[in-house]
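> Chain by chain, the residues run as shown.
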Amino acid sequence: MSDSGFDPTIGALNTSLNLRQLQQNVISANIANADTPGYKAKAVEFESALRDALGVDGRLPAASANPSHIAHRTTDAVHPEIYDDPNGVESLDGNTVERSAEMAKLAETQLLYDASVEMMKRKLGMLKYAISEGGGGGR
Amino acid sequence: MSNNLTIENLTRSVETGDVERFMGGGAGGATSSESRVMREMQSNGMDAGGAGGLTPDASKTFSAVLHDSFAKVNQNQVDADRAIKELVSGRTKNVHETMLAVERADASLKLMMQVRNKVLDAYREIMRMQV
Amino acid sequence: MDLFSSMRVSASGLDAQTKRMNTISSNIANAETTQTEEGGPYRRKDPVLTAQTDRESFGEILQGQLDEQIQGVQVTEIHEDTRPPRLVYNPAHPQANQDGYVAMPNVNTVEEMANMISAQRSYEANVTAMNAAKAMMQKALEIGR
Numbered sequence: 001m002s003d004s005g006f007d008p009t010i011g012a013l014n015t016s017l018n019l020r021q022l023q024q025n026v027i028s029a030n031i032a033n034a035d036t037p038g039y040k041a042k043a044v045e046f047e048s049a050l051r052d053a054l055g056v057d058g059r060l061p062a063a064s065a066n067p068s069h070i071a072h073r074t075t076d077a078v079h080p081e082i083y084d085d086p087n088g089v090e091s092l093d094g095n096t097v098e099r100s101a102e103m104a105k106l107a108e109t110q111l112l113y114d115a116s117v118e119m120m121k122r123k124l125g126m127l128k129y130a131i132s133e134g135g136g137g138g139r
Numbered sequence: 140m141s142n143n144l145t146i147e148n149l150t151r152s153v154e155t156g157d158v159e160r161f162m163g164g165g166a167g168g169a170t171s172s173e174s175r176v177m178r179e180m181q182s183n184g185m186d187a188g189g190a191g192g193l194t195p196d197a198s199k200t201f202s203a204v205l206h207d208s209f210a211k212v213n214q215n216q217v218d219a220d221r222a223i224k225e226l227v228s229g230r231t232k233n234v235h236e237t238m239l240a241v242e243r244a245d246a247s248l249k250l251m252m253q254v255r256n257k258v259l260d261a262y263r264e265i266m267r268m269q270v
Numbered sequence: 271m272d273l274f275s276s277m278r279v280s281a282s283g284l285d286a287q288t289k290r291m292n293t294i295s296s297n298i299a300n301a302e303t304t305q306t307e308e309g310g311p312y313r314r315k316d317p318v319l320t321a322q323t324d325r326e327s328f329g330e331i332l333q334g335q336l337d338e339q340i341q342g343v344q345v346t347e348i349h350e351d352t353r354p355p356r357l358v359y360n361p362a363h364p365q366a367n368q369d370g371y372v373a374m375p376n377v378n379t380v381e382e383m384a385n386m387i388s389a390q391r392s393y394e395a396n397v398t399a400m401n402a403a404k405a406m407m408q409k410a411l412e413i414g415r
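Residue numbers (the numbering used here), protein chains in the order written: chain X, 1 to 139; chain C, 140 to 270; chain A, 271 to 415.
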């Protein structure tokens, strides 16, 4: 989960891909255990920590004396949290997985993952385009 | 394209800030699509010319025009970065807005790059002239 | 934690649902079986599912890199249903006891059909999850293209 040397936004996208991957794993685990008695559905929380780290909503990112240091510290500090989803309704055997909700979350995670990859492609493409002075390389 | 690079055209363009004439707008071939895009960008606010987009603004020098354009391109990049951060952190779920912001940044960068290349070509052409 | 673990977890789900399907088929096929090797009528079988941490990355657990909360599923045993067999009055049957009752298997076909549909849905859901993981990995390969 490290920032790339390029650009804090590409570092943020990298972190986002890691976190979405983790979310996909948790959802797969829930789906696989949809019939296991006593299994509690799990969920991942990272979005508010990520928002703080990126300074979205006007929240300031972690302060530092040297302004050029801010960019490198931000997204490394985001630690995802896996917890038992309190919204799950217990069925007779103690299982709290709701299949349709998990399928919806799966589709959303995949879409946001793909969106992050597309953004990264474009950002890297612009970078390569600028490096190659508009001739040949890049998208 | 070379017929537009007469000394007369160049000096007039530099004085009036009319980048379009400089770019060979109106002539056929590869440059006309760029000038069309240039006109689009002008009307979208890049403002290389005057308020209407096509009339040359006598008060702005060419370097000021370029300076403004660079600032706008940079602003587009900053906006695209902000849109990406908002999508990634779940602040907005509108993927299309983010895609638009990124594509706008991409297009303005490409346009600026082409303008830069043309300017450099013109400069080299001038430097090659025997005095 | 990478997407390959996700695929292994989904694969464990597919495995478990397949085993569940097998026991359901066995139950339905033997719904009328009055005689078995152990003596007595067929007893209904039920798979017991337990959540288990993804085994292949045990080394990662020891290194503290893996989150033990991501769990796959395993069929740990096939449990025999302890409900008493149904007694059906049929004195002409060769297996009938002194009172004329035959002990029939405690298989409720309707219950088995419901379980079968549930197993099928779970199987499909696991396939979708695995496809999603695979699609995400393939998408990541496009970076820089």
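These aren't lab readings, by the way, just hints derived from the structure by calculation. Since we're looking at a predicted model, the values are computed, not measured. Do not rely on the hints blindly, as some may be mistaken.
Claimed, not checked - In silico DSSO-like links for lysine-lysine, alpha-carbon gap of 30 Å or less:
(1) Lys249/C x Lys128/X
(2) Lys211/C x Lys199/C
(3) Lys289/A x Lys232/C
(4) Lys105/X x Lys128/X
(5) Lys121/X x Lys315/A
(6) Lys257/C x Lys211/C
(7) Lys409/A x Lys121/X
(8) Lys199/C x Lys257/C
(9) Lys105/X x Lys315/A
(10) Lys40/X x Lys404/A
(11) Lys105/X x Lys40/X
(12) Lys105/X x Lys249/C
(13) Lys211/C x Lys105/X
(14) Lys289/A x Lys105/X
(15) Lys232/C x Lys121/X
(16) Lys404/A x Lys289/A
(17) Lys128/X x Lys404/A
(18) Lys315/A x Lys289/A
(19) Lys40/X x Lys289/A
(20) Lys409/A x Lys128/X
(21) Lys249/C x Lys211/C
(22) Lys105/X x Lys409/A
(23) Lys315/A x Lys232/C
(24) Lys249/C x Lys199/C
(25) Lys257/C x Lys232/C
(26) Lys199/C x Lys105/X
(27) Lys211/C x Lys232/C
(28) Lys199/C x Lys121/X
(29) Lys257/C x Lys128/X
(30) Lys121/X x Lys249/C
To be verified - To give an idea of the chain C side of the interface with chain X (calculated C-beta under 7 Å), a few residues:
(31) Gly229
(32) Asp245
(33) Asn256
Stated by the list, open to error - If you want the ones that stay clear, here's a sample from chain C, every Cβ over 10 Å from chain X, calculated:
(34) Ala210
(35) Arg221
(36) Thr237
(37) Ile265
Glycine included, every Cβ here is placed at the ideal spot set by N, Cα and C.
> Run every hint past the structure and note whether it holds.
Hint check results:
1. A threshold of 30 Å between alpha carbons decides the hint, and for Lys249/C with Lys128/X the separation of about 11 Å falls inside it, so the pair holds.
2. Restraint check for Lys211/C and Lys199/C: satisfied, since their Cα atoms lie roughly 16 Å apart, inside the 30 Å limit.
3. Distance hint between Lys289/A and Lys232/C is unfulfilled; the C-alpha atoms sit about 40 Å from each other, more than 30 Å.
4. Our distance criterion of 30 Å between C-alpha atoms is broken by Lys105/X and Lys128/X, whose separation comes to about 34 Å.
5. Between the alpha carbons of Lys121/X and Lys315/A the distance comes to roughly 53 Å, so the proposed pair goes past 30 Å and is violated.
6. In summary, the hint linking Lys257/C to Lys211/C is supported, as the alpha carbons are separated by about 19 Å, within the 30 Å threshold.
7. Between Lys409/A and Lys121/X the CA atoms are separated by roughly 11 Å; this keeps the pair inside 30 Å, and the hint holds.
8. With a CA separation close to 20 Å, the supplied pair Lys199/C and Lys257/C stays within the 30 Å bound.
9. Between Lys105/X and Lys315/A, the direct Cα distance comes to roughly 34 Å. Violation of the 30 Å bound is thereby established for this hinted pair.
10. Among the hinted pairs, Lys40/X with Lys404/A is consistent with the structure: their alpha-carbon atoms are about 26 Å apart, no more than 30 Å.
11. The suggested pairing of Lys105/X with Lys40/X holds, with an alpha-carbon distance near 16 Å, which does not exceed 30 Å.
12. Distance hint between Lys105/X and Lys249/C is unfulfilled; the C-alpha atoms sit about 37 Å from each other, more than 30 Å.
13. Under the criterion of a C-alpha separation no larger than 30 Å, the hint pairing Lys211/C with Lys105/X is inconsistent with the structure, at around 38 Å.
14. Proposed proximity of Lys289/A and Lys105/X is supported: the alpha carbons are some 27 Å apart, at most 30 Å.
15. Among the hinted pairs, Lys232/C with Lys121/X is consistent with the structure: their alpha-carbon atoms are about 19 Å apart, no more than 30 Å.
16. Between the alpha carbons of Lys404/A and Lys289/A the distance comes to roughly 24 Å, so the proposed pair stays at or under 30 Å and holds.
17. With a C-alpha separation of about 28 Å, the suggested pair Lys128/X and Lys404/A falls inside the 30 Å cut-off, and the hint holds.
18. The hinted pair formed by Lys315/A and Lys289/A meets the criterion: a straight-line CA distance of about 11 Å does not exceed 30 Å.
19. This hinted pair checks out: Lys40/X and Lys289/A have alpha carbons roughly 22 Å apart, not beyond 30 Å.
20. For the suggested pair Lys409/A and Lys128/X, the alpha carbons sit about 20 Å apart, so the restraint of at most 30 Å is met.
21. Pair hint Lys249/C plus Lys211/C holds up; C-alpha atoms about 13 Å apart against a cutoff of 30 Å.
22. The suggested pairing of Lys105/X with Lys409/A holds, with an alpha-carbon distance near 18 Å, which does not exceed 30 Å.
23. For the suggested pair Lys315/A and Lys232/C, the alpha carbons sit about 47 Å apart, so the restraint of at most 30 Å is broken.
24. For the suggested pair Lys249/C and Lys199/C, the alpha carbons sit about 24 Å apart, so the restraint of at most 30 Å is met.
25. With a C-alpha separation of about 40 Å, the suggested pairing of Lys257/C with Lys232/C is violated against the 30 Å cut-off.
26. This hinted pair does not check out: Lys199/C and Lys105/X have alpha carbons roughly 54 Å apart, beyond 30 Å.
27. Proposed proximity of Lys211/C and Lys232/C is supported: the alpha carbons are some 26 Å apart, at most 30 Å.
28. Simply put, Lys199/C and Lys121/X have alpha-carbon atoms about 37 Å apart, too far for the 30 Å limit, and the pair is violated.
29. Among the hinted pairs, Lys257/C with Lys128/X is consistent with the structure: their alpha-carbon atoms are about 19 Å apart, no more than 30 Å.
30. At most 30 Å may separate the alpha-carbon atoms for a hinted pair to count; Lys121/X and Lys249/C meet this at roughly 16 Å.
31. For Gly229/C, the suggested interface contact is upheld, since its CB lies about 4 Å from the closest CB of chain X, less than 7 Å.
32. Taken as an interface hint, Asp245/C checks out: its beta carbon lies about 6 Å from the nearest beta carbon of chain X, inside 7 Å.
33. With its C-beta approaching chain X no nearer than about 6 Å, Asn256/C sits inside the 7 Å limit, and its interface hint holds.
34. Separation of Ala210/C from chain X is adequate, the least Cβ-Cβ distance of about 17 Å exceeding the 10 Å criterion.
35. A cut-off of 10 Å between C-beta atoms contradicts the statement that Arg221/C is not in contact with chain X; the least separation is 8 Å.
36. Not every CB of chain X is more than 10 Å from the CB of Thr237/C (nearest about 7 Å), against its label as outside the interface.
37. The non-interface label for Ile265/C is consistent with chain X: the shortest C-beta to C-beta separation is roughly 20 Å, beyond 10 Å.
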